[in-house]
Every structure is written in structure tokens, then in C-alpha cells.
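Sequences are here, hints too, so could you generate the full structure?
So the sequence lines, in the order shown, correspond to chains A and B. Under this note's numbering, the first residue of the first sequence is numbered 48, with each subsequent residue one higher. Under this note's numbering, the first residue of the second sequence is numbered 21, with each subsequent residue one higher.
Hints are supplied without guarantee of correctness; some may be wrong.
Mimicking DMTMM-like on lysine to aspartate or glutamate, the simulated pairs with C-alpha atoms at most 25 Å apart in a straight line are [said to hold, decoys possible]:
1) 174(B) - 210(B)
2) 163(B) - 113(A)
3) 486(B) - 500(B)
4) 118(A) - 175(B)
5) 151(B) - 109(A)
6) 118(A) - 184(B)
7) 118(A) - 208(B)
Hints in this document: simulated from the structure, not taken from any laboratory. These figures come from a predicted structure and were not determined experimentally.
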Amino acid sequence: MSVVIEARNRGGIPLSVILGEILPAALAVSLLACVGIVHVTSRVLVVSQGYELSRLDAQSTELTRDNDRLKLELATLKAPARLEAVARTRLGMVTPSSAQVFHVTK
Amino acid sequence: MRDLKNHQPSVDAPTKWMRVRVSLIGFAFVAVLCGIFARAVNLQIHQRDRLQGMARDQYLRDLEIPARRGDIFDRRGTPLAQSVDVDSIWVDPSLFENARDTAKKLSAILGVDQKELLERFTRGRRFAWVKRQVTQTEVEKVKALNLPGFGFAKEPRRFYPQRELAAHVIGLVGTDAHGLDGLELSFEDELSGDTARRASVRDARGRKVLTNGVEDPLSRQGAAVTLTIDRHLQYAAEKALLKAVDDARAVAGMAVVLDPRTGEVLALANAPRFNPNAPQGATADHFRNRAVTDAFEPGSTFKAFVVARALEDKLITEKSTFDCEKGRMAIGKHVIHDTHPSGVLDVRGILQVSSNICAAKIGQKLGRERLVENYQQFGFAERYGLGLPGEAKGVIPFPRAEISLATQSFGQGLTASPLQAAAAFGALANRGVLMKPYLVSKVVDADGLTLLENKPTELRRVVSEKTARTVVEMLESVVEKGGTAPRARMDAYRVSGKTGTAQKADPVARGYSDKHFASFVGMVPAEDPRVVIAIFIDEPKTDIYGGLVAAPAFKEIAEVAMPHLAVPPSRVVPVVEVAAAPKKPEPPVKSPVVAAIERLDELHEADEGSVRVPDLKGQPARAAVTQALTVALEPRLVGSGRVVAQTPAAGTLVEKGARITLELAGNLPSVTR
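Next up, the structure:
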């Protein structure tokens, strides 16, 4: 580079020629550097998001399991045999006779 | 003069040497590059698979993501079968210091045989199951041991939150989540879903890194199956059936509740039953879905279909009369008996007292071909394809002999399942149109795509609307006074039905045994039936008659079903105000002797609440039962024939509703009624 500038100072090579010779190479190098940086950054981000996704997936699975367990518990608590036992023993309820059932018509 | 020019050092020499050196270096570079290229070819092409495998082993782990088995719901969306992930315990036996000691500790906590555990540890070098699908408490106990080499894997486990409810319909799954029986087996492909295998990136610490995104869990989920079963009616049916079987000390029982207008099976109950959450200890007898898989001789319930066909074909009218031969009629070498001897009866009377002799006479009017064809029209000897394994077809053999024609007219000498009987009565209830019974209303996959949907399907018109209505109206007499099933009568609703007491065939002696099938198939309300309820009790021991054994179960189910289905009552029942009794002070504690004497005094004084036991000795069973019921006593029959002894003795003052045991002797061979 210094040789080229020296030559230019001596009035040998015009600036346009220098720019024409060096700039494409410089741009190409810069572009490659940028692509490299972007690629590495994206890979780092992908891995980091992979960890995050993995954490969220585990959390989601755990919540789904909890939800399933709760649904099961609810269904168990609503089993007719249990409801009848609770209604009869704890609440003192009895099955109404035919005469005690009123049908409401529209 | 020497040519100095020639002695001057040559300018070409270094250039040449330089060229040689450059060539050498160039060659060396080329050689190195070729070497690198050759190595690259070797690594990338020849050793590619091996190296790729090594790399995969280091950073990829194959994950098996088990599919979530689809749920099973009742008609109102209540889950009957659900899957929940639970822990399974595994070990790496190579990390054990003392396998025997570990097995001993685990055996104490988990209740697994110590020898079996030790065997598993020896068989599996790096992996062995300790116990699968354990409880949270068991997991915590194992963790508290703080032993090396333990792992806990999540596995889906099937739970049945309603326990025994509809267990025969739903079936059950094994440890590996494969259906073993019931709908779990029939709909295995739809329910099981797709187990996914996926490679997941792992970092140096073994942590999962999901760089390729997450698969939608719905894509692996099995389809949901919705049934026509109503869990409230199912509960009522099971409760009533178990009570009936228990009271009658019977071997088994079956109950089918059907909507005659659509063919939907609202309840399908069997006794004995099992808990699919803990099937250990249950025998094949408990697992059998008799209501669908068993075909047996149904007995007198079939008389309704014979009468319906004869009316339809105008071979008889409502007013036709038949001579019931005073309870005894000879056909060739054989003699047919009626439990309750009758003289001349009209068609309604024949159904009401369930005369075998008159039913046989109507059968004779129909003829062989028409009788068999009639039963086939009503859906017997054909499978409905309910979706349950082992559905029975039943047999209607062609009655070549005269006696076969006679017996088939009152439901002996042919076989049918409880489901078929319920569906056939459904045809009468549905104004003569036979609907296809169905149990699964729809199967929907996780994406909401409907894989199967069953809708009410008309199979055929069996009899005209007029005939069906006439027969249903005639069958109302069965539950009225003088009929065979007054215990099925309801205060608020008109009930129509038919009893059956069939003798069971003895496959060894090739005749009929002294064992019976007691049944009652009815519909309610009779003016516009909303449910058909079929009750079958196998080998009852206390009483044998359908009107005594099966009819109470019918009534119990119907009393739950009518308000539950919001069916308006057929007649108005006066409301009896029950005033809350004032709380009495606690009576002083009396000695048992004093209490007994006071109780006797109360019985003598309480004219309205007590009755004198009538003398029933010497009477035929049916007359004795009728007389006992008339004075509000509950008869229990032991044996068959005429009453030879009774407990309590005649003249004893007992409470209304008390049970009176009648010992019978003398054989009455055919007791279908």
C-alpha cells in the first residue's frame, strides 16, 4: 500500500486507479467479515434460543401433566358413586319421590 | 583475448536454480494438497458413515416421545378414561455397589419380589426397569434412599376416574398402553396416536437443545371417543343390577338401557364387575361383558313379538280368545305347562299372565316360517356391530318339530343377547321401527377431524305403528294387578313390559336344568316410550321369576331415568307433605328384653302397619305369591311346585313388607312366564 502511495506521490498512479484496484478487495474482505459475524451471531442466538425453547418445552410439558392430573382429580371427585355418598351422608339428602318432582314446561 | 563476456557470471544460473526451487516447492505443495485431498476423500467418503455415527452419538440423542392416548367420554363429555403421565423407575445396574442389598431395599418399598429384581439387575447391564407407573409416594421413598444409578422416566398411564362404572364397555389397557378389552381394544388404532422418535441436540452437559423447534404435541395425540352412555343412568343401572343380583343371590346379571327413538345405548351394565384401575384379582368372569357377548334362551319376553306378528298379519285380533287348557297341554310325547293355570283368555290376558300354552297356540297359527322370519325381522340372529369385542349373534333354529314350534313361541329353544332383546322391544316402543343400537357416537382426532360419527339409523319397519301401539298398550297389563310384574309398576309413569323366566339348558344332560334366567324387559312411559330397560338375572336362587327378581331393578332404573331425562309424568301423583318430625328427646336405654316386649306390643297395636300372615300351604307357587303380595308381604320362593311350608307361620302378626319364605315341592317342568 505504502509503495502504491509513494508511487502516487511521485505522480505515477492516479487515485482513481488505486481505488479501483483496492476497494473491491477491501469491500470483499469486509463483506466476508460481516457475513462471518452475522453467521456466528445467528448460530449463538439459535443455540441460546434452543436452550430457551427447551426450557419452555419442559415447562409446557409439566403444565400439561399438571392439567391432566387436575382434570383426572376433578373427574374422580365428580364420580356419581362419590357424589351420592356425599349427598346422603354429609348433606343428608334423599332421592325425591315421583310426587316431589315437578316438571316445568315452557 | 579472452572473451570476458563469456567469463562473466551467468545471470541465468540463479534464475534457473530459483525455478528449480519454485518447482520443488510447488511440487511439495501439490503433493501435500493431494495428500490432504486423499485424506479428505477417505474421511468424507469411505469413513463417512462411521464418523457420522460417532459424531451423532456425541451430540445427538434419540428421544422417543410417547403419544398421549385419546380420552373416552360419556355423552355429556364426562371423562370415563384418561391418560396422565406418571413416573417409572429404572436403574443402571453397573453403578451398584451391592445389587442384592439394593434389591432388598427396593423390594421393601415398592412391593416387587426381591428375586425378580435381582434377576432384572443381572440381565440388564446398563438398564433395567425397577417398577413402572409408580405413585408419587413411591418415587419419593426411592429418592430418599439416595442410591446411585437411579432414573425416573415419565410414562403415560391410563386412569378410569369413574372406577367400575361402565368398565365392561370401556375395557382396559395393559402396562404398555395397548388396549386389552372393551372399546380400548376395539378402538386401539384411533385411541393410541403416533409415538414420535426425534433426534435432539445435547450439549456437553447432556442438556437438551431444541434448535430445530418443537413438534406440536397435538400431532401425537390419539383420537377422543365419545359414547352414547349417560353416566348417571349407567350408575343407576349398575347400582340397581348389583342389588338385584345380590338380593337374588344370583350368579350374574345384565342390564341394557336404550333410547328406542334413536337406538342409542344409554347404559350397559354387568354384574359382577371389576375396577379397571386395579384389575389384579379379577377373574375372566368379572371381565365378561355378558350383555353383549352372551346369548341364552330368553323365555317369555319373546311372547310379545309372537303376538305382534300375529296381530300384524291379522291372524288374531285383540279380542281373539284362546283356551289355555287349565295349565297343561300335550304336544306329541311332550307336555307344556303354565305356572298359573288359566281357562279361556284373550290376547291381553295371555300376555298378562304369560301363558305358555296360549302363546304356543298363537305360534301354531303363525307357522314355522313366519315365526322364524318374525324373530329375524325383530333383529335376532344378527349382529349390530356395536363396536365391542365378541358381540353375540344368537341362534334361531328352524323349528322342525311341533314341540320346537311351541317352545320357540315362548322364547325357549332359541338364543338371544340382552342387547338384541332390548333393541327388539325398542322396535315396539318406536312405533314398529327397528333402530340400529349404537354405543359410539363419534371419534374425533386431535385436530378436530371427525373419524367416525354414528347417527340414528332405521333398520326396517317390523310391524305397523298401530300393531306396535296395541302390543305396548297390552303389555301395560303385565305390571298391573294380576300381571306377572306388579313390582315394575310406577306411580307417576305408565309402564309396559314383559317378564321372562327361562329354564337354562344343561349341556351335559342335554336337556333343561333346574337353573333359570329371570328377566324383565320394559319401556317407560308407555304412551311415548323414552327408554327401554332390559334386565336379565342369571341363576337367581331366592326367587326365580322375572317379575320378582328383575322387575324391581327395572323400576329402580326407570325412577332415576324419567326425571333425569325430564320426561313429564303420565299421571299426577298427589303430593304428600312430609312434615319434619319434631325432635324427640333421646329415650332412656332399655334392656333388650324390655325393648322386645314393647316391640311386640307395638305390633299388636299398630293395625295399619302390620298384617297377619295368611295360610299359603298347599297352594301353587303363583297363587301363593299373588296372595302374599295382596297382603303386602314379600314372598321368597325356595324350590318349585306347591307350598309345603312357610316362615313365619300362618296367623303371625308381621310388619307390612316383611319377607315370607315359602318352601315349595313337586316339579313343574316348564316355568317360563
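Next on the checklist: Hint compliance check: list the failing hint numbers for this structure, sorted ascending.
Outcome noted: When the structure is compared with the hints, none of them turns out to be violated.
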